[in-house]
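Construct the complete structure from the given sequences, taking the supplied hints into account.
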Amino acid sequence: MPDFSHELIHHPGLVAGVDEAGRGPLAGPVVAAAVILRADDCPDGLNDSKKLTARKRAALEGEIKARALCWGVGIATVEEIDEINILWATMLAMTRAVEALSHDCAHILVDGNRCPQWRWPSTAIVEGDAKCLSIAAASILAKEERDRMMVAAAADYPHYGWDTNKGYGSAKHLAALREHGPTPLHRRSFAPVAQLSLL
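If you're matching positions, the sequence shown starts at 836 in the working numbering and goes up one per residue.
Calculated directly from the structure, the hints in this document are not laboratory data.
Any given hint could be a false lead.
Estimated spans, in silico, between C-beta atoms of each pair [to be verified]: (1) ALA893 with ASP991: 20 to 30 Å; (2) ARG1013 with TRP955: 38 to 48 Å; (3) ALA990 with LEU843: 40 to 50 Å; (4) GLY880 with PRO1027: 30 to 40 Å.
As a list, the in silico DSS-like pairs of lysine-lysine whose alpha-carbon atoms are at most 30 Å apart [what the hints assert, rightly or not]: (5) LYS891 with LYS966; (6) LYS966 with LYS885; (7) LYS1007 with LYS891; (8) LYS886 with LYS1007; (9) LYS900 with LYS1007; (10) LYS966 with LYS900; (11) LYS885 with LYS900; (12) LYS885 with LYS1007; (13) LYS886 with LYS900.
Glycine included, C-beta positions come from ideal geometry on N, C-alpha and C.
So this is what it looks like as structure tokens:
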């Protein structure tokens, strides 16, 4: 289970955790979240969002937002993904999430193997959402935010199954792409979309 050991290494000063959701899907934005937790008021059960049930994630999202010192969400659009590629769009979303915090931080812990080029000292932690409480909290907020966006988009584009697959390349999604073509929310730079010769 994640703990506070990584945050404590970088004290004194506020330490934020950052994670993203949506690097792999064929459609929709990439969403990042940044969270500065209170060490003395941390919700129980924080973990990598992928290891939590949808019900548990939803409950923890409310607790994180209510009890964290502050939190922020950043989004990079489909157009930005196609223009600068998914890696740099992810870094852009992470930067926007940190900029949305109401407190400045002394250090940032980032899930993954590289950090954005920004003004804050930061450390990349591979599988950080399973090791670091702040990153775990960020992973929950990012996933919940993006899932809501894709469920809402499914109402406008019902053929693709985004309410269940959240834009990932499921069999239903790929079949709908072949039949109906791409929507404005599809990532034209992603091979499964481009290779269907639908553009």
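Hints, verified against the model:
1. ALA893 with ASP991: 20 to 30 Å: holds, 23 Å
2. ARG1013 with TRP955: 38 to 48 Å: At roughly 44 Å between Cβ atoms, TRP955 and ARG1013 fall inside 38 to 48 Å, so the hint holds.
3. ALA990 with LEU843: 40 to 50 Å: holds, 44 Å
4. GLY880 with PRO1027: 30 to 40 Å: Given range 30 to 40 Å: holds, Cβ gap about 35 Å.
5. LYS891 with LYS966: holds, 18 Å
6. LYS966 with LYS885: holds, 13 Å
7. LYS1007 with LYS891: Given that 30 Å is the threshold and the Cα spacing comes to 27 Å, the pair holds.
8. LYS886 with LYS1007: Given pair LYS886, LYS1007 holds - Cα atoms ~24 Å apart, limit 30 Å.
9. LYS900 with LYS1007: Distance of about 34 Å is beyond 30 Å: violated.
10. LYS966 with LYS900: holds, 20 Å
11. LYS885 with LYS900: holds, 19 Å
12. LYS885 with LYS1007: holds, 22 Å
13. LYS886 with LYS900: Holds, at roughly 20 Å.
Violated hint for the displayed structure: number 9, the only one.
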